[in-house]
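Given the structure of chain A, go ahead and fit chain B onto it with the hints provided.
Chains as they are written, first to last, in the numbering used here: chain A, 1 to 365; chain B, 1 to 331.
What the hints contain is simulated information worked out from the structure, not anything from laboratory work. Keep in mind that a hint or two might mislead.
Derived lysine-lysine pairs resembling DSBU-like cross-links, with alpha carbons at most 35 Å apart [to be verified]:
hint : chain 1 : residue 1 : chain 2 : residue 2
1    : A       : Lys109    : A       : Lys129
2    : A       : Lys203    : B       : Lys272
3    : B       : Lys128    : A       : Lys348
4    : A       : Lys203    : B       : Lys169
5    : B       : Lys169    : A       : Lys7
6    : A       : Lys351    : B       : Lys169
7    : A       : Lys153    : A       : Lys7
8    : A       : Lys351    : B       : Lys128
9    : A       : Lys129    : A       : Lys113
10   : A       : Lys153    : A       : Lys113
If you anchor each label on the Cβ, the simulated ranges turn out as follows [as the list claims (entries may be wrong)]:
hint : chain 1 : residue 1 : chain 2 : residue 2 : range
11   : B       : Gly29     : A       : Asp259    : 34 to 44 Å
12   : A       : Ser102    : B       : Arg180    : 57 to 67 Å
13   : A       : Ala166    : B       : Gly29     : 24 to 34 Å
14   : B       : Glu270    : A       : Ser102    : 52 to 62 Å
15   : A       : Asp151    : B       : Ala309    : 19 to 29 Å
16   : B       : Gly29     : A       : Asp202    : 44 to 54 Å
17   : B       : Glu270    : A       : Glu270    : 42 to 52 Å
18   : B       : Ala73     : A       : Ser15     : 47 to 57 Å
19   : A       : Glu167    : B       : Glu222    : 14 to 24 Å
In silico contact screen, one side only, chain A against chain B (beta carbon under 8 Å); selected entries [said to hold, decoys possible]:
hint : residue
20   : Ala166
21   : Glu167
22   : Ile234
23   : Tyr301
All C-beta atoms, glycine included, are put in the ideal place defined by N, C-alpha and C.
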Amino acid sequence: MAEIVVKNVRKEFGSFTAVQSSSFTVRDGEFFMLLGPSGCGKTTTLRMIAGLELPTSGEIWIDGEEVSQKRASQRDIAFVFQMFALYPHLNVRNNISYPLVSQGWSRAKVRAKVAEIAGILDITDILEKPVGGLSSGDRQRVALARAIVRDPKAFMMDEPLGALDAEFRERMAEELRALHDRMGATTVYVTHDQLEAMQMGDKIVVMNHGVIEQFGTPQDIYDWPATLFVADFIGSPSMNILRTDGAVAIGQREVRLGDAVIDVPEQLAETGGSVVLGVRPEHVALDDNAPCRGEVLATEYLGTTQIVTLSTAFGDVKMRTSSGTGIRVGERVGLTFDARTLSLFDAKTGKVLLSAANRGVLAHG
Amino acid sequence: MAEVVLSGITKRFGATVAVDAMSLTIPDGAFVVLLGPTGAGKTTTLRLISGLEHPDAGEIRIGGRLVNRESPAERDVAMVFQQYSLYPHMTVRENLAFPLRSPILRTPEDVIKRKVGAVAEVLRIAHKLDNKATQLSGGEMQRVSIGRALVRDPAIYLMDEPLSSLDAKLRAELRIELKRIQAQLGATVLYVTHDQIEAMTMATHVGVLDHGRLVQFGPPREIYEAPVNLTVASRLGLPRINTLPTSLFGDAPAGAVTMGLRPEHVHQGEGKPATVVRVEHLGDQTRLHLTLEGHDIVTLTDVHTHLRAGATLPIRPRDALFFDAGGNRIM
Chain A
1 MAEIVVKNVR
11 KEFGSFTAVQ
21 SSSFTVRDGE
31 FFMLLGPSGC
41 GKTTTLRMIA
51 GLELPTSGEI
61 WIDGEEVSQK
71 RASQRDIAFV
81 FQMFALYPHL
91 NVRNNISYPL
101 VSQGWSRAKV
111 RAKVAEIAGI
121 LDITDILEKP
131 VGGLSSGDRQ
141 RVALARAIVR
151 DPKAFMMDEP
161 LGALDAEFRE
171 RMAEELRALH
181 DRMGATTVYV
191 THDQLEAMQM
201 GDKIVVMNHG
211 VIEQFGTPQD
221 IYDWPATLFV
231 ADFIGSPSMN
241 ILRTDGAVAI
251 GQREVRLGDA
261 VIDVPEQLAE
271 TGGSVVLGVR
281 PEHVALDDNA
291 PCRGEVLATE
301 YLGTTQIVTL
311 STAFGDVKMR
321 TSSGTGIRVG
331 ERVGLTFDAR
341 TLSLFDAKTG
351 KVLLSAANRG
361 VLAHG
Chain B
1 MAEVVLSGIT
11 KRFGATVAVD
21 AMSLTIPDGA
31 FVVLLGPTGA
41 GKTTTLRLIS
51 GLEHPDAGEI
61 RIGGRLVNRE
71 SPAERDVAMV
81 FQQYSLYPHM
91 TVRENLAFPL
101 RSPILRTPED
111 VIKRKVGAVA
121 EVLRIAHKLD
131 NKATQLSGGE
141 MQRVSIGRAL
151 VRDPAIYLMD
161 EPLSSLDAKL
171 RAELRIELKR
181 IQAQLGATVL
191 YVTHDQIEAM
201 TMATHVGVLD
211 HGRLVQFGPP
221 REIYEAPVNL
231 TVASRLGLPR
241 INTLPTSLFG
251 DAPAGAVTMG
261 LRPEHVHQGE
271 GKPATVVRVE
281 HLGDQTRLHL
291 TLEGHDIVTL
301 TDVHTHLRAG
311 ATLPIRPRDA
321 LFFDAGGNRI
331 M
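Same shape as in the complex, but just chain A (with noise of 0.2 Å):
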């Protein structure tokens, strides 16, 4: 298994730029996401990792070694598409057994390695039925022990779960999961679902437009996004986004939303444009004598937990609270922030301001 190390990687199509300039470091026996919306460049990434498109500038090192403009076949690595691809007149242990038998090893050698790639993935009892009959399920299982079975120095992953259905895919990202926890082998997987990439990665690089817009941990990143393209993809709901009154100094420790004052981490960064205000749902609280209010437009039943849609004059706030809690709609209430959690972004170019609180993520994100 290897490390991978992106630097400075850039693609262009024509006149169309892809990728504008990557770099990222994937450790050894890491589960790294690639995570954006469709035409942000996180599959092309993936493909000049794996070799399947030639970067225009840039080195990309695998286990040492500077591979950018090498054939896929000599990267050693193992690629796994969304739509996968089985032989479909071979039955499951041969379409497993293909790639070893391709590159000459004995009989006895394919028998052992299968039924130990088999057992890994639960599939021993299909081993000889045909690729036709099977569940979307069972073929993403020996689609993912054929990648498997050559033992690669890493894995490659395009949205694999992305054709299955809600529930099935929450069941097998599980069970992807866990099966890295098992093998500890370095994975690069694309996703354009956040949720996904929380659940799954060690890491995930948020892309937007060919640019990587934030790298790191999925805590760091949903509790200090870098920028508001960050704070609003990541999360369900999102972060709340609210226009705030002047401009920040450093030093500065609260903002003002109309005649509200509200507490903020120590900002070390100054602006004279305008500023926003960034919370998470689960940061706002209700506070009958709180000078902010607003009034409540929807809630949403979760279980133990609900949504309440709130309208202020700085816009619109989603909380996450209690289903215990009896919220009525048109309501009016007072909102409270939690003053520890707070991120405020320059409005024009939707970079997050430095403060006490986010320095520590942004400093190596």
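What follows is chain B alone, placed relative to chain A:
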């Protein structure tokens, strides 16, 4: 709007029983969501009410009227499908007006104009009325196709996973909008989905279907807190309810075989020592995957927990649900 009553409805396709002796009352003005996995009979039920399918047995009444022999048009229902199908050569306005121009309805032009305007307002697409349907985003197209049902003022709206082809953000937005529109119009809605979030957030009543049978019917909170059996208990709740043998913790009512323990009801800090297998940071919540004597247990914990894989965490159940050998809940 009207009450819709199904009594003992059965529908077979060859050897498959799609809907099995189903009785269901959709109260006037209710937002009823039928929830179940693929093949549970949700869509067939909807199609039976609309008249696109005919039952092998049982009666369907809309507003007190027996409609078994009526055609879809005579039943006065409006359907919204998963895949929006707009007329691409028409503007939004023409698409919305189309159902009203049907020869059966014969709506006067001034009424059409008023209704289209009102529905466009409600759906927040008034500024797009003169756009061609093809110039809209996916979310706008789906809103127009919902709008085409809303202009009609039928006895009941029948919606078959209308949000499932949309992306997550838009789905969340339209969930609220649909609920608001339904409440505002006092409309009767039957809505089919396999998405438990949609069921919990929008429904006044949830009907849980399994293998063509209606297993439980009631308000979302009742379904979540007092499920009648294991199937229903597993249907609602994220992460899913933990199902464990009663022998694991002991202290179960007579006849109980399985304990159902919601992730939020795993009390931490005392009890039996479980091992942390994985810590999952989802941002707003952190899930702990535990193992205890060979059983997997999922629970929630402090978002910024210091627990790591391999750690030991004592746990005991709180407010557990109990089920007998047949999976039925023991009250």
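Evaluated hints:
1. A:Lys109 x A:Lys129: Judged against 35 Å, a Cα distance of about 21 Å means the pair holds.
2. A:Lys203 x B:Lys272: 33 Å, holds
3. B:Lys128 x A:Lys348: Roughly 28 Å separates the two Cα atoms, so the pair holds.
4. A:Lys203 x B:Lys169: 23 Å, holds
5. B:Lys169 x A:Lys7: Measuring from Cα to Cα gives roughly 33 Å; hence the hint holds.
6. A:Lys351 x B:Lys169: 22 Å, holds
7. A:Lys153 x A:Lys7: 19 Å, holds
8. A:Lys351 x B:Lys128: Satisfied, since the Cα-Cα distance of roughly 33 Å is no more than 35 Å.
9. A:Lys129 x A:Lys113: Holds: Lys129 (chain A) and Lys113 (chain A) sit about 18 Å apart, inside 35 Å.
10. A:Lys153 x A:Lys113: Since the Cα atoms of Lys153 (chain A) and Lys113 (chain A) sit roughly 17 Å apart, the hinted pair holds (cutoff 35 Å).
11. B:Gly29 x A:Asp259: 34 to 44 Å: 41 Å Cβ-Cβ, so the 34 to 44 Å window holds.
12. A:Ser102 x B:Arg180: 57 to 67 Å: 59 Å, holds
13. A:Ala166 x B:Gly29: 24 to 34 Å: Given about 30 Å between the Cβ atoms, the range holds.
14. B:Glu270 x A:Ser102: 52 to 62 Å: Distance hint for Glu270 (chain B), Ser102 (chain A) holds at roughly 57 Å.
15. A:Asp151 x B:Ala309: 19 to 29 Å: With a Cβ separation near 24 Å, Asp151 (chain A) and Ala309 (chain B) satisfy 19 to 29 Å, so the hint holds.
16. B:Gly29 x A:Asp202: 44 to 54 Å: Holds, since Gly29 (chain B) and Asp202 (chain A) (Cβ atoms, about 50 Å apart) stay within the stated range.
17. B:Glu270 x A:Glu270: 42 to 52 Å: 50 Å, holds
18. B:Ala73 x A:Ser15: 47 to 57 Å: 54 Å, holds
19. A:Glu167 x B:Glu222: 14 to 24 Å: Holds, since Glu167 (chain A) and Glu222 (chain B) (Cβ atoms, about 22 Å apart) stay within the stated range.
20. Ala166: 7 Å, holds
21. Glu167: 7 Å, holds
22. Ile234: Ile234 (chain A) check passes; min Cβ-Cβ to chain B is 7 Å, inside 8 Å.
23. Tyr301: 5 Å, holds
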